[in-house]
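Peer 1: Protein chains in written order, with the UniProt record's numbering: chain A, 1 to 125; chain B, 1 to 142.
Please note that a few of the clues may not be correct.
As the list claims (entries may be wrong) - Some but not every residue of chain A turned toward chain B, in silico, with C-beta under 7 Å:
1. Val-27
2. Asp-29
3. Thr-90
4. Gly-95
5. Leu-98
To be verified - So the derived label-pair ranges between C-beta atoms look like this:
6. Thr-41(A) with Glu-96(B): 15 to 21 Å
7. Gln-109(A) with Glu-88(B): 30 to 36 Å
8. Glu-128(B) with Arg-116(A): 35 to 41 Å
9. Met-89(A) with Gly-65(B): 28 to 34 Å
10. Val-92(A) with Asp-76(B): 25 to 31 Å
11. Gln-25(A) with Glu-96(B): 46 to 52 Å
None of these hints come from the bench; they were simulated from the model. Being a predicted model, the structure only gives us computed values, none of them experimental. Where a beta carbon is used, it is the ideal one built from N, C-alpha and C, also for glycine.
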Amino acid sequence: MTDRVPVLKIGDVLLVSIQVDLEDQMVMDLQEDLSQRIVDTGAHGVVIDISALEIVDSFVGRMLATIAAISRVLGADTVVVGMRPAVAMTLVELGLSLGGVRTALNLEQGIGALRRARDQGPVGR
Amino acid sequence: MSSGVEPVEESAAEESPIVANADVVKARQMVRALAQQARLSLVDQTKLVTAASELARNTLTYGGGGSMRMSIVTRDGRTGVKVVFRDEGPGIPDLELALTDGWSSGKGMGLGLSGARRLADEFDLVSEPGKGTHVVVVKWAR
């Protein structure tokens, strides 16, 4: 049995802070857990903090894009925060630019972006 | 697909099996430690570890498991890290196609091999149907 990434609820935002080197199975579990939590809580936003991640490979990159897409379908906006500069450089060279994923430098800016999005009503993309 | 990966000297060689998901995580951590030992910059460490992660997952997913061998290499006074992935899986029928961005035999985004090649300084891929796959990546300290 592998560990699971905790999903925390703060107001109408769900916070996922990834603190360990992810096994592929944990990534799959997180997608499921988070989708369920969005439905259960009616959250309007999801913040995924990846500041502890030393690398983001194509598998994790795809997971971030998929989570953002699923959340959107379930009525929540997703912001990925805290990406390290070396990770960003590597990800782009790898060929993943995370075009469909909203990002912010840190947690504070991420929550701010979600607030603004919510105040403006549904976001068209 | 040979790009002439012929390091003069090799040291600190370590080998590790890749037969389960946890081994992909372990492979990343081992490569990270060796890249630090070889004094690669943080960005180069990150690129090499990411390339190793892609290749380790390929070894597991498409090769049906295999092994990783890594070492510190020196050539012409330069130091680098070389990582070799080997499996006895079905092999890759069309190497050119497999190295194309977006090409995938099934799951994934098709960025594993082509991405790993971009992230490494040297890249060598040998594969034949029925004879498994052998991938070498080298990243040099600047």
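Peer 1: Hint by hint, note whether the structure agrees.
Peer 2: Verification of the hints:
1. Checking Val-27(A) against chain B by beta carbon gives a least distance of about 10 Å; that is not within 7 Å, so the hint is violated.
2. Checking Asp-29(A) against chain B: minimum C-beta separation of about 12 Å lies over 7 Å; hint violated.
3. Of the supplied interface hints, the one on Thr-90(A) holds, with its beta-carbon coming within about 5 Å of a beta-carbon of chain B, less than 7 Å.
4. Look at Gly-95(A): its Cβ gets to within about 5 Å of chain B, closer than 7 Å, so that hint holds up.
5. Proximity of Leu-98(A) to chain B is violated relative to the hint, the smallest CB-CB distance being about 12 Å (cut-off 7 Å).
6. Distance hint check for Thr-41(A) and Glu-96(B): the Cβ-Cβ separation is about 49 Å, which falls outside the suggested range of 15 to 21 Å.
7. At roughly 48 Å, the beta-carbon separation of Gln-109(A) and Glu-88(B) lies outside the given 30 to 36 Å, and the hint is violated.
8. Checking the proposed 35 to 41 Å range against Glu-128(B) and Arg-116(A) shows it is violated: the Cβ atoms sit about 55 Å from each other.
9. Checked against the hint of 28 to 34 Å, the C-beta distance between Met-89(A) and Gly-65(B) comes to roughly 31 Å, which is consistent with it.
10. Judged by the Cβ atoms, the range 25 to 31 Å given for Val-92(A) and Asp-76(B) holds: they are separated by roughly 30 Å.
11. Between Gln-25(A) and Glu-96(B) the beta carbons are some 33 Å apart, a value that contradicts the proposed interval 46 to 52 Å.
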